[in-house]
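Top line first, the protein sequences correspond to chains A and B.
Count the first sequence with the working numbering and you get residues 1 to 716, in order.
Count the second sequence with the working numbering and you get residues 1001 to 1270, in order.
Simulated from the structure, these hints should not be mistaken for lab results.
Here the structure is a predicted model, which means the values were calculated and not measured.
No residue lacks a Cβ here, since even glycine has one placed at the ideal position from N, Cα and C.
Do not take every clue at face value.
Coverage of chain B stretches by chain A, computed from C-beta distances (three or more under 8 Å per stretch; other residues unrestricted) [what the hints assert, rightly or not]:
1. 1039-1052
2. 1077-1085
3. 1202-1214
Pair ranges (Cβ atoms, derived) [claimed, not checked]:
4. THR1074(B) / GLY105(A): 55 to 63 Å
5. ARG364(A) / ARG1034(B): 42 to 50 Å
6. GLU668(A) / THR1045(B): 14 to 22 Å
7. ILE1026(B) / PRO371(A): 16 to 24 Å
8. ARG364(A) / VAL1092(B): 48 to 56 Å
9. ARG364(A) / THR1045(B): 21 to 29 Å
10. ARG364(A) / ARG1101(B): 42 to 50 Å
11. GLY105(A) / ALA1242(B): 37 to 45 Å
12. GLY623(A) / PRO1021(B): 28 to 36 Å
Spelled out from the first residue to the last, the chains are:
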Amino acid sequence: MAAVPPPAARAPEGEPLSAAAIEARLDEHLDLVLSSRRTAAGPARELAAFSRAEQELVLRWVAVLAAAHAELAYQFASLAPRALRLMDEAGVEAWVRQAMDTYDGAGLYPAVAALREVEAFAERARARAAGLALEEVAGVLERYVRGLGGRPLKVEAGEAPWTDTETLHLPPVLGVLGDREGNFRLYKAMAVCLWAQCWFGTWRAPLVARLRGAGAEAAALYAALEALRLEARLARALPGARRELDALAAALAVAPWPEPWPEAARRLAAPEATAADSLELALAWAGRVAPPPPRPWEGPPRPEAVAATLEARLERERRTLRRELAALAEEQRGAVPDPVRLEAAPFALERIEDPAAPEGFTFRLELDGQPIEPPEEVRGLLTSIVQDLGEIPEEYLVPAGPGEYDAGAQPAGRDPRDVWKGMYHEEGAHLHDEWDYRRGHYRKRWCVLRELDVHPVRDGFVERTLRRHRGLVASLRRTFEALRGEDRLLRRQPEGEEVDIDALVEAYADAATGQEMTDRLFVRKRREERNIAVLFMVDMSGSTKGWINDAEREALVLLCESLETLGDRYAIYGFSGMTRKRCELYRIKRFDEPYSDEVRARISGIRPQDYTRMGVAIRHLTGMLREVEARTKLLVTLSDGKPDDFDGYRGTYGIEDTRMALVEARREGIHPFCITIDREARDYLPHLYGPANYVVVDEVRKLPFKVSDVYRKLTS
Amino acid sequence: MTGQTLRPEEHFVETEPYYEPVGDEIEVFEAAWRNQLPVLLKGPTGCGKTRFMEHMAWRLKRPLITVSCHDDLTASDLVGRFLVAGGETVWVDGPLARAVRCGGICYLDEIVEARKDTTVVIHPLADDRRVLPMEKRGELLKAPPEFCLAISYNPGYQSVLKDLKQSTRQRFVALEFDYPEPELERRIVEKETGIEPELAERLVKFAHMTRNLKGSGLDEGASTRLLVQAAKLIVSGIPPVAACRAAVAQALTDDPEMLAAIHELSASLF
Ligand SMILES: Nc1ncnc2c1ncn2[C@@H]1O[C@H](COP(=O)(O)OP(=O)(O)OP(=O)(O)O)[C@@H](O)[C@H]1O
Ligand SMILES: [Mg+2]
Chain A
1 MAAVPPPAAR APEGEPLSAA AIEARLDEHL DLVLSSRRTA AGPARELAAF
51 SRAEQELVLR WVAVLAAAHA ELAYQFASLA PRALRLMDEA GVEAWVRQAM
101 DTYDGAGLYP AVAALREVEA FAERARARAA GLALEEVAGV LERYVRGLGG
151 RPLKVEAGEA PWTDTETLHL PPVLGVLGDR EGNFRLYKAM AVCLWAQCWF
201 GTWRAPLVAR LRGAGAEAAA LYAALEALRL EARLARALPG ARRELDALAA
251 ALAVAPWPEP WPEAARRLAA PEATAADSLE LALAWAGRVA PPPPRPWEGP
301 PRPEAVAATL EARLERERRT LRRELAALAE EQRGAVPDPV RLEAAPFALE
351 RIEDPAAPEG FTFRLELDGQ PIEPPEEVRG LLTSIVQDLG EIPEEYLVPA
401 GPGEYDAGAQ PAGRDPRDVW KGMYHEEGAH LHDEWDYRRG HYRKRWCVLR
451 ELDVHPVRDG FVERTLRRHR GLVASLRRTF EALRGEDRLL RRQPEGEEVD
501 IDALVEAYAD AATGQEMTDR LFVRKRREER NIAVLFMVDM SGSTKGWIND
551 AEREALVLLC ESLETLGDRY AIYGFSGMTR KRCELYRIKR FDEPYSDEVR
601 ARISGIRPQD YTRMGVAIRH LTGMLREVEA RTKLLVTLSD GKPDDFDGYR
651 GTYGIEDTRM ALVEARREGI HPFCITIDRE ARDYLPHLYG PANYVVVDEV
701 RKLPFKVSDV YRKLTS
Chain B
1001 MTGQTLRPEE HFVETEPYYE PVGDEIEVFE AAWRNQLPVL LKGPTGCGKT
1051 RFMEHMAWRL KRPLITVSCH DDLTASDLVG RFLVAGGETV WVDGPLARAV
1101 RCGGICYLDE IVEARKDTTV VIHPLADDRR VLPMEKRGEL LKAPPEFCLA
1151 ISYNPGYQSV LKDLKQSTRQ RFVALEFDYP EPELERRIVE KETGIEPELA
1201 ERLVKFAHMT RNLKGSGLDE GASTRLLVQA AKLIVSGIPP VAACRAAVAQ
1251 ALTDDPEMLA AIHELSASLF
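The whole structure should be built from the sequences, with the hints applied where relevant.
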C-alpha cells in the first residue's frame, strides 16, 4: 500500500522540464547546502536533456534523500545524469537505495562514496543480470560452512576470494560459468577452500607470525602449497567436495601446475603433513620458484588482515574463556572459585583420539579431575582457540579471579549501526530485526518501533455507524450468538438434552458394585470456553485516506459488536510509520481493556498516517500474542495493499520481510490471516500467508460486513 | 501375515534388544530399580530412550508396558474403569494398574503431553508410598518391589505450558540421554542396518554437521534414529546423497535455504 503521495505511482507525463524549472525545484530541497558558489544550475542543465519521466524520478529521489541529508541529495542530483546514461530507471533506483542503506548504516561520507561509485555499481548490475549474485546464495553458503564445523564464518562480498578467518570474502557476482548451477559450484568451491584454510590450520598463529615478515612472494607460494595440502585433506574428509573441485578444474580448463608443484603436492598429501611443512617449503622456494597462477576459486592471501583478526580474537577469547570457566567452576562447585585452590589448576584437558578432527584428537574438559560437559559457549571457544593455536595453552584454563571479572567485560555491545542521531531515539522504543532477503539474513535491531495511543475523537461516528447498519448489527449478533452456542457437547452433566450412554453404563456398574450412583448422566449442548485470542492489525498508512479509512473504522465498530457477543479476547492495533527509524503501532484496544467509550472514541479517531512497514509491526504484535495464554491465537491484518515504506522497503524486499515475519509468527503457534481490498493482492498474498489464509474484498463498501463474516468462518 | 495380540503383562522381552550403553545408565537404572525409585529419562528425540527401556525390561526380566501420552489421556485411561458385560459389572484395569499388579515396568512416554490432572495420579506411586489409588474401587493398589515406573521427557522443545512440574520431576531419578559419541554411534548404525563401516562413519559425520546447525536455523540436528533410517535406505540401494536428503534433510526442515545447505553438506561428504 503506497503512502500519500504514492511516490512511485505519480505517473509523470508530458514535456521535459526546462533547466530553469528543474533548478527551481532542486533549490526547494537543496537550499541548505547551496551557496552563491555552489548552485543547482549545473545538474539542472544536464537534467534538462532527459525525458520528463526521468526528470521526475530524479526530483522525487532528491526529495526523499533531502529528508535524510541535503548533501546526499545534492550529490545524487549531480551524479544522476551519469547514472541515467549508464542504467535504466530500476537500476538507478537500486543505486540510490543502496546509498540510502549505506547512509542508514554508516553515515554521510560512506553514502556519498557509494553514490560516486556509479560506474562500478552499473557494472555489477550488468554482471548480476548475466551471472549469479552472491546475495542469492550467501545464506546457503553460510549455513553450509557452519555445518562443516568450526568457528562460524560470515559470508560477505569482496573482490577476490580470501578470508580473515572470521569472514569469507567472495566476489559479489560470478558469471564465469555459463549457468547458475555452474556458478554456484564455483562459489561453493571458494567457500569450502577458505573454510579448509580455517579448519585445517593454514592460519595458525605462529605460522602467521612467521609469514608476516616473509614478503608477498613467500605468502603467495605458501598459499599455493597450502592449496595442494588442503586438496589432499579434502579428498579424505570431504571426497564429494574434492570431486567437485576436480570437475570445476576440468570445466574451466585449468592447466595443472608444472614441476616442482606436483612433487610438492605428493609430499603435502601425506596424512601427517601440516601447514608448517608448507611454510618451510615456501620460505625455501622464495626467490627461486615463481608462484603459480591462482585457480579460478583462489585469490591472493592476506596474512596482514588475518594477523589483525587473530590477535584481537586470541586476546578476547582468552579473557572470555577464563571468565566462563570461573562461572562454570562456581556453578559446579556451588561456590566462588577459591583463589587458593585456583593454584591447583582446577581445569584440565584430556586429549581424546579422533581421526576426524584436524589434529587427530579432540579434548575433554575436566574439573577437579572429573570430566564435565561444557556449555555450548565454552565448547565453541575451545574449538576456536584450538583452530588458532592447535592446542589450549595452560594459562587459558586458569579461571578469572574476582578482580578480573569486569576488566574485559564488553560494554553491553551495541552495534554501532543501531545508534543514530536525532530526536527519535531508542528510549522507550522497541528494536526489531528485519529480514533482508538479498543478504539472506536479518539486519539486527534495525527498526525502531514505538507504541502510541490513537487520539480519541468523540464525534458520533460509532453511533452513526451502528444506526446506519442497524440491520446488519442485529444479524451479526444473531450469527455470533449461534456460533457461541454451536460448540461441543458437554458430557456427564447433571441435566441436559440427551442421556449420556457412557455415563449411564458406568453409573450402572457403580450401582451394581454397591456404590453411589452418580446423577451426571446427561449430555448438554453448551458453549465450551472458546479459548481464542485475536489481534487485529489495522493498516493506518496514508493510502487508506478517504473512504477506505471510513470503511475500516466501520468494520472495526461492527467487529467489536460481534466480538463482544462472542466473548473472545481481542485487541486492535493500527500500524504505520516512516522509515525504519520511526515505526509506529497505535493502540486502539489492548487485550486487557474493555470495549469502553474510550475505545470507541479511539476507533473513531483513527486517521491515515504514513507508510506501511509490515514486518516490524507483525514482529511486535507476535511478541504481544506470545504473552497471551490461549489455545488458539490469531493475527488478522486489515490492509489495502503491499508492504511499502520509502527507505527501500518495497517490492521484493518488503514482501520477503513481511513473509519472514509471518513465518516467525507461525513458529510461535500464531495463525496469521489477511483481509485486504487490494485487488492485486492475489499476486503476492498467497506467497505471504499461504493459499487459504487471506481474503480479498472486492468492494470497499462490503468491508464492514466482511470482516466480521471472515472472523466467524475462521473461528467456527 | 497376521497380526498378533499380546497381553502386555505376559509380554516378556525374550531376546536381548540391541542396546549400546552410552555411559553408566544401565547401572544407574538397575540401582534405582533395586531401591524402588522411579526413573525419568531426559533427552532429545531418537536418541535411544525407548530402546533402552526395552533393553532394561529384558535385563531385569520384567514385562514392559508402554503408554504414549497425549492430551486426552485421562486418569481412568491409566488406572482403569468399570464396564458392564452381560448384566455384570466388570472392572478393567488400565495399563498402569496392570503394570503395578504384575510387578512390571510401566513406561510413560512423553509424559508432558498428558493433562496435568493425569500426571498427578502417578505421584503416590512415584514416592515412597508406592501405591496406586483406585478411587472407583475405593482401593489402594500397593506396588510390589519389582514394579518400576519410568517416564520420558524431551526438554528440547517444550512450551512453557508443557513444562514438567517440579513436584513431579523431583520424585524421579533422572537419566540424561544424548546422541552417542561418534565411534559408538557409528557402531549402532552399523549393527542396526548392516551398512558398511566406511559409510556408517560418513553418516555419523553428516549427523554432526547437521547438529552444528542447531540454533542457526535448525531446531534439532539429525537423531540416531534418522541415521539408522538413512542407512537402511542406503543398504537397499539408494545412493547416499539421495538417502540423506529423503531420510534426514527433509525430516529436519522445510526451509529451502537450509535444505539446500544440508544437501550440499551430504554431497560434499559422500
Ligand atoms: N544406544 C543405542 N543402542 C542401540 N540403538 C540405538 C541407541 N540409540 C539409538 N539407537 C537407535 O535409534 C533408534 C531410535 O531410538 P528410540 O526409538 O529409542 O528413540 P527415543 O529416544 O525413544 O526417541 P523419541 O523421544 O522420539 O521417542 C532406535 O530404534 C535404534 O535403532
Ligand atoms: Mg521413544
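For each hint, the structure was consulted:
Taking a C-beta to C-beta cut-off of 8 Å, the segment 1039-1052 of chain B contributes 0 residues in contact with chain A, too few for the three needed, and the coverage statement is violated. For the segment 1077-1085 of chain B, the stated coverage by chain A is satisfied: 4 residues place a CB nearer than 8 Å to a CB of that chain, which reaches the threshold of 3. As drawn, the segment 1202-1214 of chain B meets chain A at 6 residues by the rule of a beta-carbon pair under 8 Å; at three or more, the given contact holds. Separated by about 57 Å at the C-beta atoms, THR1074(B) and GLY105(A) satisfy the suggested range of 55 to 63 Å.
Taken as a hint, the range 42 to 50 Å is violated for the pair ARG364(A) and ARG1034(B), whose Cβ atoms sit roughly 31 Å apart. For the pair GLU668(A) and THR1045(B), the supplied restraint of 14 to 22 Å holds, since their beta-carbon distance comes to about 21 Å. Roughly 19 Å separates the CB atoms of ILE1026(B) and PRO371(A), a value that falls within the hinted 16 to 24 Å. Between ARG364(A) and VAL1092(B) the Cβ separation comes to about 52 Å, which falls inside the hinted range of 48 to 56 Å.
The supplied range of 21 to 29 Å is met by ARG364(A) and THR1045(B), whose beta-carbon atoms lie about 26 Å from each other. For the pair ARG364(A) and ARG1101(B), the supplied restraint of 42 to 50 Å holds, since their beta-carbon distance comes to about 46 Å. Distance hint for GLY105(A) and ALA1242(B): a CB-CB separation of about 43 Å, consistent with the stated range 37 to 45 Å. For GLY623(A) paired with PRO1021(B), a C-beta distance near 44 Å fails the hint of 28 to 36 Å.
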